[in-house]
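Visitor: Hints are included, so try docking the two chains, each in its own frame, into the full complex.
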Amino acid sequence: MILVDLNKPLNFVFDGKLYQGFEGDTLASALLRAGVKVVGRSFKYHRPRGIMGAAHEETNALVEIHNDGVCEPNRRATTIKLFEGLTAKSQNHLGSVNFDMLAINDILHPFLAAGFYYKTFMWPKAFWEKLYEPIIRRAAGLGSLSHKADPDTYDKGFLHCDILVIGGGPAGLLTALNLGRAGKRVILADEDFVMGGRLLSETYEINSASSVNWAAQTVAELKTLPNVRLMPRTSIYGVYDHGVYGGLETKTDKISERGPRQILWRVYAKHAVLAAGATERPIAFANNDRPGVMLASAIRTYKNRFGIDLQNTALLTNNDNGLMTNAEHIIDTRNNQYIVDVTGRKGVRTVKLNNGETLKAKHIAVSGGWNPNVHLTCHKRGRPIWNEALACFMPDTHTLPQDLSVIGAANGAFSTYGAFIEANAVSVKLGAKAAHLPIAEDAPINITPFWHVKGRKRAWVDFQNDVTAKDIILAHQEGFSSVEHVKRYTTLGMATDQGKTSNVVGLAVLAEATEQTIPQTGTTIFRPPYTPVPIGAFAGAHTGQHFHPTRLTPSHKYASETGAVFVETGNWKRAQWFARAGEKGWRDSVDREVLMTRSSVGICDVTTLGKIDVQGRDAGKFLNKVYVNTFSTLKVGKCRYGLMLREDGIAMDDGTTARLSDTHFVLTTTTAKAGPVFRHLEYVRQCLYPNMDVHLISTTDQWAQFSVAGPNARKLLQKVVDSEFDITNEAFPYMACTEMTVCNGTRARLFRLSFSGELAFEISVPARYGDALVRELMAQGEEFDAIMYGTEALGVMRIEKGHAAGNELNGTTTAAALGLGGFVSKKKDCIGKVLSTREALTGENTLRMVGVIPVNQGDALTNGAHFISQGDAETAPNDQGYMSSVAWSPTLKSYIGLGFLKNGKAREGEVIKAVDFVRSNHVDVKVVSAHFVDPKGERLRV
Amino acid sequence: MSKLTPTLSLGGYTREWDTLVLKEYYVGEMISLAVSHGNTDAFSETFETTFGKAPPKASKLVTLKDGFAMLSGADQYLILLNGENINVDQELTKLFSDTAYATLQTDGWASLKLTGPQVYDVLERFIALDLRNASTHYAARTMAHHMAVIVMKFSETEFQLLTPRSSALSFLEALSHTIDNVMGSPS
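Sequence lines, in order, name chains A and B. Numbering-wise, the first sequence is residues 1 to 942 according to the numbering used here. Numbering-wise, the second sequence is residues 943 to 1129 according to the numbering used here.
Bound-form chain B, shown alone (with noise of 0.2 Å):
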């Protein structure tokens, strides 16, 4: 019996323009921790307490030690964390005890990292939303050509993308066309 390979949704797939670069990487692991009813301040607490930050507000993507925290919905909270570890969400269960609940969505996602200085011209012909001012670590769960999105802001050339595993290739083809249409390269 073989031990199981783990594989990247998009294989790993990386393409340079001319100043821009596209690539899927490994976002380390990410669980989703929704605020159990009634424990808000307990929730917070002990937050902050596991990763040294509050947890944060709507559209804002959080530095932690070891990863980044967004609001991802209604009491959810989107965790993202280095390294990889397919049993965080049952450790963070036990540490956060009654106060919220837990769930693997690392296998859920596939990740894209934009890169360059026309990021912006890019994602203009992709997302609706207003990235040229949004702040560094704006977060948002958005859609793109009709495909469901988080878009991170890093800097003023680097964003990062998460999509559903599933359509990711349609997703990726769908970006990586507009990134043709932008650069002038052949689609």
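Isolated chain A, as found in the complex (with noise of 0.2 Å):
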């Protein structure tokens, strides 16, 4: 029964020429119907190729699809559901395709066996990279790419289910409504538009009924089972662990549609069922690339669900299922007949015989055997074995997961009625009721194995990657004996196919060669994905915008309206500086920022900074542990700066923590370690001391938090701190923090703290009145020209102030080397004591953080420069330490640098170098202490 609809015509384009299909055609059968013959030109002789298979086997008719200058290479004609307008070339040629110029190659072909690239070219040596490999490289590769971005989009989802049935053919069909009916939730998934698999390509019978009709009506029934889903065009491609597999479904081949062009499944499934059927393999042959050689099967399927006869045909079989193929001449290898030659480059013409008979053909229909599709068998490290009977691999039970099943073709039950009988059976073994088994046909393969005909000229084993018998017994002359050897030295098997239709074949020739047989040989195993998957499928909708969430501050759309320019630091967008008017570049902003903010008030959103309520009666206990100072005799209302080791010694992350009540800390950590750091407590938490009574929240989006600094920052906040609050220097010092209330009644908690060196507060509030704050801070600072700073102002007044940030926190520095040994206390443990007191870390010559300006006060100081002693050669072993942190300091008009010199303290008043590798050039510079701005602290406790 025909499939498709001669009233429904399609006009599409192929290379150029219009034609017309009917709806229900693939591209390939339109193409067939039109009479088109050569489709595309081999990969490395340019061969002149024609249409091979009739689904996702296809080798040759690799195509590109077109559409708004946007195109999309290697697409299987076979598997493109023909559409009104669509635009496709065929690819691999230099000219046309009739006339490429490329196919010189294939006159050379002596000279390009394979491995030719690894025996030739090597002189002279220095034309490899410039001349050789440029040019292998550039007429390498299938299709070109339009270097447009993909216009399409694309998405992902997740799916769950009692069973997967992989495939839709009669195995799949029949177990998928015995389970459906037994009420399992079942998703069938088929790559083909139409369910039915070999149903609608053959003229079976079941029950009396065509069997299309069968195949329609038990999909019928399976639309009406609410707990089936049915998923035509999907491709299973790949099987993980834990019962996960990666489906494909193409919802339009159409480029630039609305909507996703393929989703990309990741399926949950109790148990899969694997009813994927088998694929038809060649035989290899003289020139049985020719356009016109075709497999058996195809050529039954175009004319049996496309209504194409192509005529005159010639038969060449090993066994029975391949008679089953109208053909005019029927050479079959079992009785001593074979073609040893095929004439007409752009089209079969003639067909010669090994018994010196030559036949006039248009086509060849080629059946050697049927191969089970076992691939996503062997995607959990199964390993398919050899089956002498039937001529092919098959599943090794032994090695097959638990939750996978194996029926029908895939299983070597090649008939229908073979088919129908797993299909009952593995329905049972998964809890359904077996179906009263339909009357199928049920014809023994009968197959006596023929590989290749021996000769001197090219027989195809794999027709995608142009790998010829010859090719394969050169390998094998040459010591590659080993499949997995043979397969990369040739290339045999690789690509889209994944040699599908040329694997089976391939290891027969190599057996042959070395005089083993197929089992001893081995096989190459499959790995994900069965079908070729797009980039753009695994990425889905995470693109552009969407490939990392953003995280905004409270103070966002404030500092949006205000001039904010923003940066990324991890995934949240901070303002950098706010512009304004009159400024000339971002330096003239950040010089105002910190100006104003030493000198009268400014404020900067600091809610990115990580903070984690620790909560419990051990919770004092808890932080003497993760941190090197003392928490436990905190007292309520105070907060004290930490410094975090890694176990191994190395300082991890600093912050402050404040005491809220006996059993209530909040911690802070830096912007970058907030994760990191969390992740670290809880471990310590659940690994390390599950008895300590301690609890661990992130409340980072919980508060929005602002950093008031300036000499005038107390007299701001006293304008939105409710008057029963006294923040006076006597009542609320330095260190100091509490709860409180803001403009007129808001929540809200206060901490004296200063990361700018200033008079400074942090004010937060619940994150739903951040927005309102600030605005309200701004408003009432008016008076004093409060401004708002950005990360840069932050981190040039943290330098002049001296303080250590991610640069210092590196991943290599200690807290002696911070300037903080003095922090480590000696009364109690802390992750990362002992190893901190490695003799490498505390010796004299070591890395001692340090303050640096250039004694030409003019001269530009740059990040990362190394530091050598005067008079010391610029080289490594003379390297006293580095640069880690510089600044144009508008306070003291010069740049000032931190950085790591060994033995730093005592050397304070040298002039060393700072030597800048990556520009050539160096700066002499004085070292001196890394406060460079009120060292004695007097401006924060006022």
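Quick caveat, the hints were computed from the structure, so don't treat them as lab data.
With a Cα cut of at most 25 Å, we get these calculated SDA-like pairs of lysine to any residue:
1) A:K223 - B:E1066
2) A:K625 - B:D1040
3) A:K557 - A:G544
4) A:K635 - B:Q1032
5) A:K251 - B:R1074
6) A:K828 - A:R838
7) A:K557 - B:S944
8) A:K573 - B:E1115
Guide: The structure is reproduced here in structure tokens:
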């Protein structure tokens, strides 16, 4: 029964020429209907190639789909559902498909055998990179790219089911029906756009009616079952651990279509039934790649499903199944007949037989037997085993995953009746009732293996990669006898078809060469994906703005309105500086922000700092373990700076921790380390001290937090803090904290902390009030010329103050190196303490944080410069340390830097070289205290 | 000095498709209750006294008199209470005394409600969990497009999604993009 609607014509263009096909056609069937024989050129020799198969096994008809200047290459014409307006092009030719200038490779083929590029192009040596490789790379590859952004969208999804049935042929359909009727949650996936598998391609009868009708009726009933999900055009391409299967659903082949073009599904199945059928394989004989040489099953598909009767066909078969093909000439290898050559460069003309007879034919139908589609059984290290009677690899039940069953032709049951029996059996195994067995054909395959015709001419084994039987034999002669080595040396079974038609034939040729049996020769292992999956589908929706999440601070809207330039810090977008009219560049803005903050008051959104609520009776003891200094003695209403070490004694992170009650601390982390620190703390809590009464909750997003810094910070805050709260220096000194209310009753927390070195506070409110608070602070701050400042000004001020940040907490520095050795409590243990005392980290000549200023005030410093003593050569053995942070200080009118210098503290006053090896220059710098501004800390305590 | 006005993280976003509605709304107050070590029984008693229900098991959303509760982690419960009461954590701290520690969570999350007959078609492209098979009042903490999400099932056509406030806009963009893909609207 033909499944093409001849009343619904569809126009399409191939290689610039307009054709007509019909609803239900594939591009391949439409091209065959239109009489197009040459649809592409082969990979290496650029030989004309025609359509060989009718489904996913197609190796020759790889085409490009075009639209709007965008192109998708390497699509198999046999899997493209024809649509109105389709524009496709053949690929891999220089010139037209019918006149390919690179066809000269075919004449040069004696020089282009397997591995030729390993043996040639050796001289002159310099030519390889500059000449040979670029030329080879330019010639290699199939199809072209448009170099335009992919205009389509893709999606991903997650499906769950009791049973995933892979393949919608007779075995899959009956299994799904049985399980569906039993109420199981079933997903039936098939890569074709019509379910039915081989039933659509043959003239079988089931229960004395067309098998196509049986398939249609079964699908119709499945559609009525709410617990069954039918997924046509969905290829299950991979099997993964824990019952996870990868599926690619093609929604459309059109480019620039609305909605997702493809959906990548992750299917979670309690059990899977592989009913993926089998793929017919060719026989290798001289010039068996001529356009018109096709798989016998494909010729039947085109006739029975698409109504295209390919006349004047010669059949070459080694089995009874092949005999189902209508052919004028039957050449059965079991009768010692075979083909020794084929003529007709762009289409078969004559067929020469081993008995000397020459036949006229336009098509050759080849049936070399069937390969069960066992690929998915190998993805979890299953190894197929050779079945001598069927001459094919079959799934090995001993290596199959327990949650995977294989039935039907995929399991070597090639007849329809055999498929039904296996479908019923697996249904019963999975808890369903078996259906009454339909009456169907049960013909044995009766195969006598015949793999290739020996001869001097080239006989193709892998059509897609232009691998011939001679290539495989050559590989063996050159010492590549392992099948895996032969594969890599010859490229047998690589690329998009992954050896679906070539692997077993190639193995047989190798087995003959090595004088071994096929099982002794082995098989290569199949890996995902079973069918090609576009990169776009893997990316899904995670492109452009969706590539990673963006985190916004509570003041983001206000900052956007007031000229903020944002910078990505992790996933956060933070205001880097706030540009004002008249400012010529970022330095103008940053200098203004620093000077205004140091002279009056500035506000900075510091919500991004990690905030972790640490609660519990043992919270103080817990913090003692994770920080080098003591927290259990911290008084309620006070904050303390803390340094956290890794287990190896290297500084991990720092921050301040406030004690709000006996059992409640609020710990802060750096922005970058918020996640890692939380993970570390949970590890410590759950694994190292599981008996402590302590709980952790991230409150980073809960509280909007602003730093208010500068001599007028208190005056500004006093305008928003409710009157009952006294924040004078006496009542609320440096490092104090409290819970309070602001703006007539809004809940808030106030911390007297300073990163800038100025009188400063950090005020936090529930994030819902963050936007309102920053606007109120700026409104109330008008009388002080309050400004917003960004991360650049923050960075400048912390360098001026000599505070370590990410550049200094860089995964190589210790507490001592940071000048914080005195913080490490001698009275208690903490994580990292022991290893921080290693000699290599504590010796006199180890790195210590210092400040540097240029000897010549106008000199610019560069981050990453290395310190070299005056008079020493600028070489690695003379390296004395490195510059970690650099800023232009508008306060000091000079560049300043922080860095690590061997025995640094003792070298204050020394002039050394800061050598920039990247730019090949150096600046003389003077070693100074890291605290450039207010080294005694007087400003922040007023 | 003005009184501060609260804002929702997504500004009260609402969008309607043919048969689907996505809406941000104020969920009331959310509080995390962490059970004090060794006080599980006392906590359970206080929980039942306070809310009229036993603490929920994993994946269950328990209806309270004025809200809902779910198990959100090891020894931690997330309580969602109707109405605005920004000091509710402090009140619960007193109620639960030394049996649990309360933390205000309301502002850390954005809340979106997705309603309509095609809600599963959308969520199966967004969240890895088997939501079709989940019972009503199922609740779980998971990931969607690399972002944290707490998903709550109220009926076959109504889900509530909680996602961290700071990345809520990215979450919303990803979700509406998915809905566009499912519903066929231009994305």
